[in-house]
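Modelling step: build the complete structure from the supplied sequences, incorporating the hints.
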Amino acid sequence: MATSRVFTASSMLSRFVSPRYTAFQTASSPMLRYISNSLHPVATLSIPAISLNVPGLLKDIWEGVLRAVPKKKTSHMKRRHRQLAGKALKDVKSINSCPACGEPKLLHHLCPNCVAEIRKEWGEAERRAERQTGEQAEEQTEKQAEEQAERLSKQYLTTHIIDNAHPIDIYTLAVTPSQILSASGSSSIKIHSTTTSDFPIAQVLKDVHPLGCHHLATSHDGSKAISVGFSGEAKVWRYGEGMWVEDGELGGLSGDDGEGEKKKNGKKTKLKVGEMWAVALSEEGRYVAATSYDGRIGVWDLLTEQRRKIRQYETKGSFGLCVDMSADGRFTACGHESGNVYIFSNDTGRLLHSLPGLVKPVRAVAFSPGGKLLAAAGDARLIGLYDINSGEQVANLTGHGSWITSIDWSHTGEYLLSGSLDGKVKVWTVDQKMCVATHSETDKGLWSVKWLPKVGRNEGFATAGSNCSIAFYREASGG
1 MATSRVFTAS
11 SMLSRFVSPR
21 YTAFQTASSP
31 MLRYISNSLH
41 PVATLSIPAI
51 SLNVPGLLKD
61 IWEGVLRAVP
71 KKKTSHMKRR
81 HRQLAGKALK
91 DVKSINSCPA
101 CGEPKLLHHL
111 CPNCVAEIRK
121 EWGEAERRAE
131 RQTGEQAEEQ
141 TEKQAEEQAE
151 RLSKQYLTTH
161 IIDNAHPIDI
171 YTLAVTPSQI
181 LSASGSSSIK
191 IHSTTTSDFP
201 IAQVLKDVHP
211 LGCHHLATSH
221 DGSKAISVGF
231 SGEAKVWRYG
241 EGMWVEDGEL
251 GGLSGDDGEG
261 EKKKNGKKTK
271 LKVGEMWAVA
281 LSEEGRYVAA
291 TSYDGRIGVW
301 DLLTEQRRKI
311 RQYETKGSFG
321 LCVDMSADGR
331 FTACGHESGN
341 VYIFSNDTGR
351 LLHSLPGLVK
361 PVRAVAFSPG
371 GKLLAAAGDA
381 RLIGLYDINS
391 GEQVANLTGH
401 GSWITSIDWS
411 HTGEYLLSGS
421 LDGKVKVWTV
431 DQKMCVATHS
441 ETDKGLWSVK
451 WLPKVGRNEG
461 FATAGSNCSI
471 AFYREASGG
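Per the UniProt record's numbering, the sequence shown starts with residue 1, numbered consecutively.
In case anyone wonders, no lab produced these hints; they're calculated from the structure. Warning: the hint list may mix true and false statements.
Stated by the list, open to error - Pairs of lysine-lysine residues, derived as DSBU-like cross-links and limited to a Cα-Cα distance of at most 35 angstroms, are as follows: (1) LYS372 <-> LYS360; (2) LYS105 <-> LYS143; (3) LYS154 <-> LYS120; (4) LYS235 <-> LYS372; (5) LYS235 <-> LYS78; (6) LYS316 <-> LYS235.
Below, the structure is given as C-alpha coordinates:
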(Lines of atoms letter the chains of each structure in order from A and count residues from 1; the text may use other names and numbers.)
(Lines give C-alpha, C1' and ligand atoms only; values in the text may rest on other atoms or scores of the structure.)
Protein backbone atom coordinates (compact mmCIF):
# COMPACT_ATOMS: atom_id res chain seq x y z
CA MET A 1 0.00 0.00 0.00
CA ALA A 2 2.79 2.29 0.92
CA THR A 3 4.63 1.40 -2.19
CA SER A 4 1.71 2.21 -4.31
CA ARG A 5 1.33 5.59 -2.63
CA VAL A 6 4.91 6.52 -3.30
CA PHE A 7 4.66 5.44 -6.82
CA THR A 8 1.54 7.41 -7.34
CA ALA A 9 3.14 10.58 -6.01
CA SER A 10 6.25 9.98 -8.09
CA SER A 11 4.28 9.38 -11.15
CA MET A 12 2.26 12.47 -10.52
CA LEU A 13 5.42 14.56 -10.06
CA SER A 14 6.86 13.19 -13.24
CA ARG A 15 3.78 14.13 -14.98
CA PHE A 16 3.88 17.64 -13.74
CA VAL A 17 7.48 18.04 -14.69
CA SER A 18 7.52 16.14 -17.95
CA PRO A 19 6.97 17.95 -21.21
CA ARG A 20 3.84 16.09 -21.74
CA TYR A 21 2.31 18.19 -19.01
CA THR A 22 2.54 21.27 -21.19
CA ALA A 23 -0.82 20.52 -22.64
CA PHE A 24 -2.40 21.18 -19.33
CA GLN A 25 -0.79 24.56 -18.89
CA THR A 26 -3.53 26.12 -20.98
CA ALA A 27 -6.20 24.57 -18.87
CA SER A 28 -8.50 26.95 -17.25
CA SER A 29 -8.82 25.02 -14.02
CA PRO A 30 -7.72 27.16 -11.07
CA MET A 31 -6.23 24.17 -9.36
CA LEU A 32 -4.05 23.38 -12.29
CA ARG A 33 -2.89 26.96 -12.61
CA TYR A 34 -1.92 27.00 -8.96
CA ILE A 35 0.03 23.79 -9.23
CA SER A 36 1.71 24.99 -12.35
CA ASN A 37 2.81 28.30 -10.84
CA SER A 38 4.06 26.88 -7.56
CA LEU A 39 5.77 23.63 -8.47
CA HIS A 40 7.26 24.31 -11.84
CA PRO A 41 9.94 26.76 -10.78
CA VAL A 42 10.99 24.61 -7.87
CA ALA A 43 11.38 21.61 -10.05
CA THR A 44 13.33 23.33 -12.79
CA LEU A 45 15.55 25.80 -10.73
CA SER A 46 16.13 24.02 -7.44
CA ILE A 47 19.95 23.60 -7.76
CA PRO A 48 20.85 26.91 -9.45
CA ALA A 49 18.73 28.97 -7.02
CA ILE A 50 20.78 27.88 -4.02
CA SER A 51 24.09 28.96 -5.55
CA LEU A 52 22.97 32.33 -6.94
CA ASN A 53 20.49 33.81 -4.49
CA VAL A 54 21.96 32.90 -1.04
CA PRO A 55 24.48 35.82 -0.87
CA GLY A 56 21.76 38.26 -1.61
CA LEU A 57 19.58 36.71 1.02
CA LEU A 58 22.43 36.82 3.56
CA LYS A 59 23.04 40.49 2.81
CA ASP A 60 19.42 41.26 3.37
CA ILE A 61 19.42 39.23 6.55
CA TRP A 62 22.61 41.04 7.86
CA GLU A 63 21.16 44.44 7.12
CA GLY A 64 18.07 43.45 9.00
CA VAL A 65 20.18 42.35 11.96
CA LEU A 66 22.07 45.65 11.94
CA ARG A 67 18.84 47.58 11.84
CA ALA A 68 17.57 45.56 14.74
CA VAL A 69 20.70 46.28 16.97
CA PRO A 70 20.71 49.86 18.34
CA LYS A 71 23.82 52.00 17.54
CA LYS A 72 26.06 53.38 20.30
CA LYS A 73 25.61 57.11 20.56
CA THR A 74 28.74 59.37 20.37
CA SER A 75 28.77 62.38 22.66
CA HIS A 76 29.19 65.86 21.33
CA MET A 77 32.43 66.32 23.27
CA LYS A 78 33.96 63.20 21.75
CA ARG A 79 33.02 64.31 18.27
CA ARG A 80 34.52 67.71 19.03
CA HIS A 81 37.74 66.11 20.23
CA ARG A 82 37.96 64.07 17.08
CA GLN A 83 37.48 67.19 15.01
CA LEU A 84 40.17 69.05 16.94
CA ALA A 85 42.54 66.10 16.66
CA GLY A 86 42.12 66.06 12.95
CA LYS A 87 42.66 69.81 12.80
CA ALA A 88 45.76 69.57 14.98
CA LEU A 89 47.22 66.85 12.78
CA LYS A 90 46.63 69.07 9.83
CA ASP A 91 48.26 72.04 11.61
CA VAL A 92 51.33 70.00 12.56
CA LYS A 93 51.93 69.06 8.99
CA SER A 94 51.29 72.57 7.67
CA ILE A 95 54.24 74.92 7.04
CA ASN A 96 54.11 78.66 6.65
CA SER A 97 56.51 81.63 6.89
CA CYS A 98 57.18 83.55 10.09
CA PRO A 99 55.82 87.09 9.70
CA ALA A 100 58.71 88.47 11.80
CA CYS A 101 61.83 86.88 10.34
CA GLY A 102 60.45 85.18 7.22
CA GLU A 103 61.89 81.79 8.13
CA PRO A 104 59.70 78.68 7.58
CA LYS A 105 57.87 77.38 10.63
CA LEU A 106 54.99 75.12 11.58
CA LEU A 107 51.49 76.55 11.51
CA HIS A 108 50.19 77.66 14.92
CA HIS A 109 53.69 77.26 16.42
CA LEU A 110 56.16 79.88 17.63
CA CYS A 111 59.05 80.53 15.32
CA PRO A 112 62.12 78.81 16.83
CA ASN A 113 64.48 81.43 15.40
CA CYS A 114 62.53 84.28 16.94
CA VAL A 115 62.30 82.45 20.26
CA ALA A 116 66.06 81.87 20.28
CA GLU A 117 66.73 85.54 19.52
CA ILE A 118 64.39 86.68 22.30
CA ARG A 119 65.98 84.29 24.79
CA LYS A 120 69.43 85.50 23.78
CA GLU A 121 68.41 89.12 24.29
CA TRP A 122 66.85 88.30 27.65
CA GLY A 123 69.98 86.40 28.71
CA GLU A 124 72.22 89.29 27.70
CA ALA A 125 69.98 91.72 29.56
CA GLU A 126 70.11 89.55 32.69
CA ARG A 127 73.88 89.22 32.45
CA ARG A 128 74.24 92.97 32.00
CA ALA A 129 72.07 93.53 35.04
CA GLU A 130 74.10 91.00 37.04
CA ARG A 131 77.37 92.59 35.93
CA GLN A 132 76.12 96.02 36.84
CA THR A 133 74.94 94.77 40.21
CA GLY A 134 78.22 92.92 40.78
CA GLU A 135 80.28 95.93 39.71
CA GLN A 136 78.28 98.20 41.96
CA ALA A 137 78.68 95.78 44.86
CA GLU A 138 82.39 95.41 44.12
CA GLU A 139 82.84 99.17 43.89
CA GLN A 140 80.99 99.58 47.15
CA THR A 141 83.09 96.86 48.78
CA GLU A 142 86.30 98.40 47.45
CA LYS A 143 85.19 101.80 48.63
CA GLN A 144 84.41 100.45 52.08
CA ALA A 145 87.74 98.62 52.14
CA GLU A 146 89.57 101.79 51.10
CA GLU A 147 87.76 103.80 53.76
CA GLN A 148 88.56 101.16 56.34
CA ALA A 149 92.16 100.99 55.16
CA GLU A 150 92.42 104.77 55.43
CA ARG A 151 91.11 104.62 58.98
CA LEU A 152 93.47 101.77 59.88
CA SER A 153 96.42 102.76 57.72
CA LYS A 154 99.74 103.42 59.38
CA GLN A 155 102.44 105.62 57.98
CA TYR A 156 106.08 104.73 58.46
CA LEU A 157 109.02 106.97 57.66
CA THR A 158 112.49 105.87 56.68
CA THR A 159 114.61 107.18 59.51
CA HIS A 160 118.00 105.76 58.60
CA ILE A 161 119.78 103.51 56.10
CA ILE A 162 123.13 101.84 56.74
CA ASP A 163 124.57 101.46 53.27
CA ASN A 164 127.00 98.62 52.62
CA ALA A 165 126.50 97.25 56.10
CA HIS A 166 127.97 93.99 54.75
CA PRO A 167 130.00 93.34 51.61
CA ILE A 168 127.51 90.72 50.43
CA ASP A 169 123.82 89.86 50.80
CA ILE A 170 122.49 90.17 54.34
CA TYR A 171 120.56 86.99 55.11
CA THR A 172 119.42 87.45 58.70
CA LEU A 173 118.66 89.99 61.41
CA ALA A 174 118.14 89.46 65.15
CA VAL A 175 116.97 92.04 67.68
CA THR A 176 117.62 92.55 71.40
CA PRO A 177 116.21 95.30 73.63
CA SER A 178 119.13 97.58 72.73
CA GLN A 179 120.84 96.13 69.66
CA ILE A 180 120.34 94.63 66.23
CA LEU A 181 122.58 91.82 64.97
CA SER A 182 123.14 91.17 61.27
CA ALA A 183 124.89 88.39 59.35
CA SER A 184 125.61 87.80 55.69
CA GLY A 185 127.58 85.68 53.28
CA SER A 186 130.74 87.10 54.81
CA SER A 187 132.40 85.57 57.85
CA SER A 188 131.56 88.34 60.33
CA ILE A 189 128.55 89.24 62.48
CA LYS A 190 127.90 92.93 63.06
CA ILE A 191 126.03 94.47 65.98
CA HIS A 192 124.47 97.96 65.83
CA SER A 193 123.00 99.91 68.72
CA THR A 194 119.31 100.83 68.49
CA THR A 195 119.33 103.31 71.37
CA THR A 196 120.28 106.26 69.18
CA SER A 197 118.84 107.46 65.89
CA ASP A 198 122.03 106.95 63.87
CA PHE A 199 122.32 103.26 64.86
CA PRO A 200 126.09 103.21 65.40
CA ILE A 201 128.04 99.98 65.21
CA ALA A 202 128.68 98.53 68.65
CA GLN A 203 130.68 95.37 67.93
CA VAL A 204 131.95 93.18 65.11
CA LEU A 205 132.42 89.44 65.57
CA LYS A 206 135.05 88.66 62.96
CA ASP A 207 135.71 85.38 61.19
CA VAL A 208 133.17 83.44 63.21
CA HIS A 209 131.73 81.56 60.21
CA PRO A 210 134.23 80.98 57.38
CA LEU A 211 131.58 80.31 54.72
CA GLY A 212 129.16 82.93 55.96
CA CYS A 213 126.16 82.95 58.29
CA HIS A 214 122.56 82.43 57.21
CA HIS A 215 120.54 82.35 60.48
CA LEU A 216 120.60 84.27 63.77
CA ALA A 217 118.33 83.96 66.80
CA THR A 218 118.27 85.84 70.11
CA SER A 219 116.45 85.43 73.39
CA HIS A 220 113.82 87.96 74.44
CA ASP A 221 116.02 89.48 77.12
CA GLY A 222 119.01 89.69 74.77
CA SER A 223 121.31 87.57 76.91
CA LYS A 224 121.85 84.73 74.45
CA ALA A 225 122.19 84.31 70.71
CA ILE A 226 122.65 81.45 68.24
CA SER A 227 124.31 81.74 64.83
CA VAL A 228 124.45 79.06 62.11
CA GLY A 229 126.99 79.06 59.28
CA PHE A 230 126.90 77.58 55.81
CA SER A 231 129.38 74.92 56.86
CA GLY A 232 126.82 73.49 59.30
CA GLU A 233 128.19 74.75 62.62
CA ALA A 234 125.91 76.36 65.24
CA LYS A 235 127.55 78.69 67.75
CA VAL A 236 126.18 79.89 71.07
CA TRP A 237 126.79 83.49 72.13
CA ARG A 238 126.46 85.12 75.54
CA TYR A 239 126.04 88.85 76.17
CA GLY A 240 127.66 90.38 79.20
CA GLU A 241 129.34 93.66 80.16
CA GLY A 242 128.31 95.20 76.87
CA MET A 243 130.05 92.59 74.72
CA TRP A 244 129.13 89.37 72.95
CA VAL A 245 131.38 86.38 73.56
CA GLU A 246 131.29 82.87 72.17
CA ASP A 247 129.88 80.30 74.59
CA GLY A 248 130.42 76.99 72.80
CA GLU A 249 128.75 75.16 69.94
CA LEU A 250 125.81 72.85 69.45
CA GLY A 251 126.21 69.30 68.22
CA GLY A 252 124.58 68.13 65.02
CA LEU A 253 121.25 66.40 64.78
CA SER A 254 122.95 63.05 64.21
CA GLY A 255 124.56 62.93 67.66
CA ASP A 256 123.61 63.52 71.29
CA ASP A 257 126.79 65.23 72.44
CA GLY A 258 126.97 68.94 72.96
CA GLU A 259 130.20 69.47 71.10
CA GLY A 260 130.41 71.30 67.84
CA GLU A 261 131.82 68.23 66.14
CA LYS A 262 130.44 64.67 66.15
CA LYS A 263 132.39 61.84 67.66
CA LYS A 264 132.91 58.70 65.62
CA ASN A 265 135.19 55.89 66.81
CA GLY A 266 136.69 58.27 69.36
CA LYS A 267 137.56 60.83 66.71
CA LYS A 268 135.84 64.08 65.87
CA THR A 269 134.31 64.53 62.44
CA LYS A 270 133.08 67.73 60.91
CA LEU A 271 129.36 68.40 60.62
CA LYS A 272 127.75 68.10 57.21
CA VAL A 273 126.70 71.20 55.35
CA GLY A 274 123.03 71.81 56.06
CA GLU A 275 122.92 69.48 59.04
CA MET A 276 122.04 72.58 61.06
CA TRP A 277 119.98 75.10 59.13
CA ALA A 278 117.28 77.28 60.69
CA VAL A 279 117.39 77.96 64.45
CA ALA A 280 115.10 79.49 67.07
CA LEU A 281 115.46 80.35 70.76
CA SER A 282 112.79 80.26 73.42
CA GLU A 283 111.93 83.55 75.07
CA GLU A 284 114.09 83.00 78.14
CA GLY A 285 116.92 81.55 76.04
CA ARG A 286 116.93 78.07 77.55
CA TYR A 287 115.78 75.95 74.61
CA VAL A 288 117.11 75.90 71.06
CA ALA A 289 115.30 74.36 68.09
CA ALA A 290 117.00 73.66 64.76
CA THR A 291 116.15 72.06 61.42
CA SER A 292 118.25 70.05 58.98
CA TYR A 293 118.45 69.33 55.27
CA ASP A 294 116.76 65.92 55.73
CA GLY A 295 113.71 67.25 57.59
CA ARG A 296 114.72 66.40 61.16
CA ILE A 297 114.10 68.87 63.98
CA GLY A 298 116.09 68.86 67.20
CA VAL A 299 115.55 70.63 70.52
CA TRP A 300 118.42 71.32 72.93
CA ASP A 301 118.39 72.45 76.55
CA LEU A 302 121.19 74.98 77.05
CA LEU A 303 121.06 74.67 80.83
CA THR A 304 121.85 70.95 80.93
CA GLU A 305 125.33 69.56 81.10
CA GLN A 306 126.98 69.55 77.67
CA ARG A 307 123.76 71.12 76.27
CA ARG A 308 122.35 67.78 75.24
CA LYS A 309 119.59 67.29 72.74
CA ILE A 310 116.33 66.50 74.54
CA ARG A 311 113.99 66.05 71.57
CA GLN A 312 114.29 64.97 67.97
CA TYR A 313 111.32 64.98 65.60
CA GLU A 314 111.13 63.12 62.33
CA THR A 315 109.16 64.41 59.34
CA LYS A 316 108.77 63.23 55.76
CA GLY A 317 112.36 64.05 54.81
CA SER A 318 111.81 67.43 53.15
CA PHE A 319 114.32 70.23 53.78
CA GLY A 320 113.47 72.17 56.95
CA LEU A 321 113.67 75.79 55.80
CA CYS A 322 112.43 77.54 58.96
CA VAL A 323 111.64 76.94 62.61
CA ASP A 324 110.24 78.81 65.60
CA MET A 325 109.49 78.17 69.27
CA SER A 326 106.57 79.49 71.25
CA ALA A 327 107.32 82.09 73.92
CA ASP A 328 106.88 79.56 76.73
CA GLY A 329 108.94 76.91 74.94
CA ARG A 330 106.09 74.37 74.87
CA PHE A 331 105.73 74.17 71.09
CA THR A 332 108.06 73.94 68.11
CA ALA A 333 106.87 74.77 64.59
CA CYS A 334 108.75 74.12 61.36
CA GLY A 335 108.19 74.78 57.66
CA HIS A 336 109.55 72.60 54.88
CA GLU A 337 110.42 72.75 51.22
CA SER A 338 107.46 70.46 50.46
CA GLY A 339 105.01 73.05 51.81
CA ASN A 340 104.29 71.09 55.00
CA VAL A 341 104.03 72.87 58.33
CA TYR A 342 104.25 70.91 61.58
CA ILE A 343 103.65 71.82 65.22
CA PHE A 344 105.25 69.58 67.87
CA SER A 345 104.66 69.49 71.59
CA ASN A 346 107.96 69.72 73.45
CA ASP A 347 106.27 68.44 76.61
CA THR A 348 105.15 65.12 75.10
CA GLY A 349 107.53 64.87 72.15
CA ARG A 350 104.61 64.18 69.81
CA LEU A 351 103.30 65.75 66.64
CA LEU A 352 100.48 68.11 67.55
CA HIS A 353 99.30 69.32 64.13
CA SER A 354 100.17 68.92 60.47
CA LEU A 355 98.85 72.14 58.99
CA PRO A 356 97.23 72.41 55.54
CA GLY A 357 96.95 75.33 53.15
CA LEU A 358 100.45 75.85 51.72
CA VAL A 359 101.65 73.63 48.88
CA LYS A 360 104.86 75.49 48.07
CA PRO A 361 108.07 75.88 50.09
CA VAL A 362 107.52 77.54 53.48
CA ARG A 363 110.33 79.97 54.27
CA ALA A 364 109.11 81.55 57.51
CA VAL A 365 107.05 80.51 60.54
CA ALA A 366 106.39 82.59 63.66
CA PHE A 367 104.35 82.13 66.84
CA SER A 368 102.31 85.09 68.06
CA PRO A 369 103.45 86.59 71.39
CA GLY A 370 100.34 85.25 73.11
CA GLY A 371 100.94 81.76 71.76
CA LYS A 372 97.49 81.43 70.15
CA LEU A 373 98.35 81.81 66.46
CA LEU A 374 101.05 80.61 64.10
CA ALA A 375 101.91 82.52 60.93
CA ALA A 376 103.46 80.69 57.97
CA ALA A 377 104.59 82.13 54.63
CA GLY A 378 106.72 81.29 51.63
CA ASP A 379 106.66 80.79 47.89
CA ALA A 380 102.84 80.71 47.81
CA ARG A 381 102.94 84.54 48.24
CA LEU A 382 100.45 84.48 51.09
CA ILE A 383 100.57 84.36 54.87
CA GLY A 384 98.53 81.64 56.52
CA LEU A 385 97.30 82.13 60.08
CA TYR A 386 96.60 78.97 62.10
CA ASP A 387 94.98 78.35 65.46
CA ILE A 388 97.49 76.45 67.57
CA ASN A 389 94.91 74.62 69.68
CA SER A 390 92.73 73.33 66.82
CA GLY A 391 95.22 73.41 63.95
CA GLU A 392 92.64 75.10 61.71
CA GLN A 393 93.56 77.81 59.24
CA VAL A 394 91.77 80.97 60.35
CA ALA A 395 92.92 83.47 57.71
CA ASN A 396 94.99 84.12 54.59
CA LEU A 397 96.79 87.42 54.13
CA THR A 398 97.30 88.07 50.42
CA GLY A 399 98.96 90.96 48.63
CA HIS A 400 102.60 90.10 48.06
CA GLY A 401 103.70 89.73 44.47
CA SER A 402 106.73 87.57 45.15
CA TRP A 403 108.06 84.93 47.53
CA ILE A 404 107.74 85.87 51.19
CA THR A 405 111.07 85.30 52.91
CA SER A 406 110.57 86.66 56.43
CA ILE A 407 107.76 87.45 58.89
CA ASP A 408 107.76 88.87 62.42
CA TRP A 409 105.08 89.67 65.02
CA SER A 410 104.92 93.00 66.79
CA HIS A 411 105.45 92.97 70.56
CA THR A 412 101.71 93.25 71.26
CA GLY A 413 100.67 90.76 68.58
CA GLU A 414 98.45 93.34 66.85
CA TYR A 415 100.54 93.60 63.70
CA LEU A 416 102.50 91.28 61.47
CA LEU A 417 105.52 92.32 59.42
CA SER A 418 106.47 90.57 56.16
CA GLY A 419 109.16 90.99 53.53
CA SER A 420 109.44 89.50 50.04
CA LEU A 421 111.87 89.10 47.16
CA ASP A 422 110.37 92.02 45.24
CA GLY A 423 111.79 94.41 47.85
CA LYS A 424 108.45 95.25 49.48
CA VAL A 425 107.76 95.16 53.19
CA LYS A 426 104.15 95.08 54.41
CA VAL A 427 102.49 95.67 57.76
CA TRP A 428 99.30 93.69 58.44
CA THR A 429 96.64 94.17 61.08
CA VAL A 430 95.74 90.79 62.51
CA ASP A 431 92.25 91.76 63.71
CA GLN A 432 91.09 93.12 60.34
CA LYS A 433 93.21 90.68 58.28
CA MET A 434 94.37 93.44 55.96
CA CYS A 435 97.49 95.32 54.92
CA VAL A 436 97.81 98.77 56.49
CA ALA A 437 101.22 99.81 55.14
CA THR A 438 103.55 98.95 52.26
CA HIS A 439 107.08 100.30 51.84
CA SER A 440 109.99 99.66 49.53
CA GLU A 441 113.40 101.28 49.44
CA THR A 442 114.78 98.93 46.79
CA ASP A 443 113.67 96.54 44.11
CA LYS A 444 116.12 93.92 45.33
CA GLY A 445 114.98 91.05 47.49
CA LEU A 446 114.53 91.28 51.23
CA TRP A 447 115.82 88.33 53.26
CA SER A 448 114.94 89.46 56.77
CA VAL A 449 112.53 91.88 58.49
CA LYS A 450 112.34 92.55 62.24
CA TRP A 451 110.37 94.79 64.58
CA LEU A 452 112.57 97.10 66.67
CA PRO A 453 112.17 97.69 70.40
CA LYS A 454 109.31 100.10 70.96
CA VAL A 455 110.35 103.64 71.88
CA GLY A 456 107.53 105.56 73.56
CA ARG A 457 104.37 105.18 71.50
CA ASN A 458 106.25 104.75 68.24
CA GLU A 459 106.87 101.42 66.60
CA GLY A 460 109.63 100.72 64.14
CA PHE A 461 111.16 97.94 62.11
CA ALA A 462 114.29 97.11 60.12
CA THR A 463 114.81 95.36 56.79
CA ALA A 464 117.85 93.84 55.08
CA GLY A 465 118.54 91.85 51.96
CA SER A 466 120.31 91.70 48.64
CA ASN A 467 121.19 95.40 48.54
CA CYS A 468 123.68 94.82 51.40
CA SER A 469 122.04 97.62 53.42
CA ILE A 470 119.93 97.83 56.58
CA ALA A 471 116.93 100.19 56.43
CA PHE A 472 115.19 101.50 59.56
CA TYR A 473 111.56 102.67 59.67
CA ARG A 474 109.63 104.45 62.40
CA GLU A 475 105.92 105.10 62.72
CA ALA A 476 105.01 108.65 61.66
CA SER A 477 102.31 109.26 64.27
CA GLY A 478 102.57 109.08 68.03
CA GLY A 479 104.43 110.85 70.75
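(message) Please list, smallest to largest, the hint numbers that this structure does not respect.
(response) Those not satisfied are hints 2, 3 and 5.
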